[in-house]
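Novice: Residue-level listing of the chains:
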Amino acid sequence: MRTRRHWTEHGLAFVAPFFAFYALFLLWPLALGLKMSLGSDNITGQGGEFVGFDNYAEALKDPDMWSSLWNTLWFTALSTVPLVLTGLAMALIAHHLRFADWLWRLSWFAPFLLPSGVVGLLWLWIIYPSDFGLADQLLDTVGLHPGIGWLTDERYAMLSIVGTTLWWTVGFNFLLYLAGLQAIPRHLYEAAELDGANAWQRLRRVTLPMLRRTTGVVVILQLLASLKIFDQVYIMTRGGPDESTRPLLLYVYEHGFTGYRIGYASAASYLFFALIVLISLLQLRFTRRARQENAV
Amino acid sequence: MRSRTDHESGRRPRWTPGRLALLLGALLLAALWVLPLAYAFATSLKPQGEEVDTPLTWIGSRITFEAYEQVWEAGDLPRWILNTAYVATVTTALTVLLSAMAAYGFARTTFRGRRLLYGLVLAGIMVPPQVLMAPLFAQMLALGLVDTYWGVILPQVAVPAMVFILVKFFEEVPRELEEAAFCDGAGRWRVFFTIVLPLSRPVLAAVAIFTFIQTWNNFLWPFLVTTDPGGMTLPVGLVNVQSSYGVRYAQVMASLVIAGLPLLFVFAFFQRQIVRGIAHTGLAGR
Chain Y
14 MRTRRHWTEH
24 GLAFVAPFFA
34 FYALFLLWPL
44 ALGLKMSLGS
54 DNITGQGGEF
64 VGFDNYAEAL
74 KDPDMWSSLW
84 NTLWFTALST
94 VPLVLTGLAM
104 ALIAHHLRFA
114 DWLWRLSWFA
124 PFLLPSGVVG
134 LLWLWIIYPS
144 DFGLADQLLD
154 TVGLHPGIGW
164 LTDERYAMLS
174 IVGTTLWWTV
184 GFNFLLYLAG
194 LQAIPRHLYE
204 AAELDGANAW
214 QRLRRVTLPM
224 LRRTTGVVVI
234 LQLLASLKIF
244 DQVYIMTRGG
254 PDESTRPLLL
264 YVYEHGFTGY
274 RIGYASAASY
284 LFFALIVLIS
294 LLQLRFTRRA
304 RQENAV
Chain P
15 MRSRTDHESG
25 RRPRWTPGRL
35 ALLLGALLLA
45 ALWVLPLAYA
55 FATSLKPQGE
65 EVDTPLTWIG
75 SRITFEAYEQ
85 VWEAGDLPRW
95 ILNTAYVATV
105 TTALTVLLSA
115 MAAYGFARTT
125 FRGRRLLYGL
135 VLAGIMVPPQ
145 VLMAPLFAQM
155 LALGLVDTYW
165 GVILPQVAVP
175 AMVFILVKFF
185 EEVPRELEEA
195 AFCDGAGRWR
205 VFFTIVLPLS
215 RPVLAAVAIF
225 TFIQTWNNFL
235 WPFLVTTDPG
245 GMTLPVGLVN
255 VQSSYGVRYA
265 QVMASLVIAG
275 LPLLFVFAFF
285 QRQIVRGIAH
295 TGLAGR
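Sequence lines, in order, name chains Y and P.
Everything in the first sequence is counted per the numbering used here, starting at 14 for the first residue and increasing by one.
Everything in the second sequence is counted per the numbering used here, starting at 15 for the first residue and increasing by one.
Treat each hint with caution, since some may be false.
As the list claims (entries may be wrong) - Covered stretches of chain Y, as calculated for chain P (at least 3 residues, CB under 8 Å):
id	stretch
1	67-74
2	82-94
3	165-172
4	275-283
To be verified - Partial list, derived from the structure: chain P residues whose beta carbon lies under 7 Å from chain Y:
id	residue
5	Ala52
6	Ala273
7	Val289
Unchecked claim - Residues from chain P that face chain Y, not an exhaustive set, calculated with beta carbons under 7 Å:
id	residue
8	Gly63
9	Thr78
10	Ala293
Simulated from the structure, these hints should not be mistaken for lab results.
Cβ coordinates follow ideal geometry from the N, Cα and C atoms, glycine included.
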């Protein structure tokens, strides 16, 4: 085995440059943040004293923290399902239509190419001014006179944020599903057709099962993205009305950068990090079990 | 633009009623997705003050580029576009090179501590970037990198998700290709640069394009780390001038068009390669 030596050669040298950056700009600030969360530092990161777990205890007792946490979870629950299903539907349509592929790719993915700030302002312009906004005017022309406070009514504000997010980011899920569909071997469909399966049966028995791994990836990426909701809310509602759309990251931002309590904000963000780890582990376990059941 | 399909068999199916219904659905969805963008574009061409007229019109009393001129004069657009292009290009190049090397090291070599290091990298995927903002800022202050290009670039370079994607890909590359080169006397680095990297072009393209989009549009970090208008990126600069308009929507929409166009062109040209690249990453499953 002359080549055995080659497989172990230079291994660390390949990894080291990346890891240097990773340690310096991710692991180190992560540790620094943990240290900050145990102190009473202000924004400059100086002049604080060690307070142990006081910040964590305070955060866990604050009802505002809990309501922000709830808003983040609620947004994640509301947004994940439509974002995954719409992406899947778009990919199925584009893949089976076999016509003007570029048009669907371009129009459904285009919003993803815009910065969050721009997306927020655009949708404010469309839904917020209730007398001259595009949304209300369009509904008016089809005979509905909504007069809905899209962003000012507690019942609709979160849904409006979900709608904006759907429009903005569904294109990414669409592309993942489209790539997944293109990777399904054609002979499976040919075999199914020979067996007399109709279009609906081919979708249920071939396409959807073959997309299971893609769906796993799309769902976990979507969960992580939804849990990090911040930009759209910050621009469109600042967390209102009556704090009903304020996600946990806005709570962290308000305490850290506006309220200058960086130690407390760090503690709250570490609680949030713990939540993300928990959800990721649950999801991992869930998919692993699903895979084992399939293997049987 | 050509509308040829990507699928293996070039033959297009017939226009059955079912397929026509599918087309109708596609057109409806496309309209829904394009309408807001078209509306923004229409608004940006209206004369001052007419944006808020009721009932709403798509075209004002005349078509004018006044709003674009005002945005152009209010800020330093050419500078911001160059800054953004520079930052996004350097970040993308570094990210692709470093992640590809690291991924190859994790996927194809053995060394002590490999599993531990890879575990640490995987754990990093879950870290929300916002958690790092405050300590990173303190770190940049200490390093004297605030208001520099490197201050914007360096923290964005180590992206654990990209390493993960590339590891998954490299694991599938047949080892025989490399073995053959080793037997011919090629060293590890030569094998990596002359065999593995060229083989991975579609995946690297997908990783590069997503890194580029992300860096081009990133707001929060460049916003925190630049205070000097001359060093701002496009999203930061545009938000900065927006605060001086108040509610002049024509200008806001004009800056939206300016911010969106460069990437739209990039995507229009590379869309097919992007989808193929994702299909190759294994991200989409196989």
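Novice: Honestly, which of those hints from before does the structure not fit?
Specialist: 1, 2, 3, 5, 8 and 9
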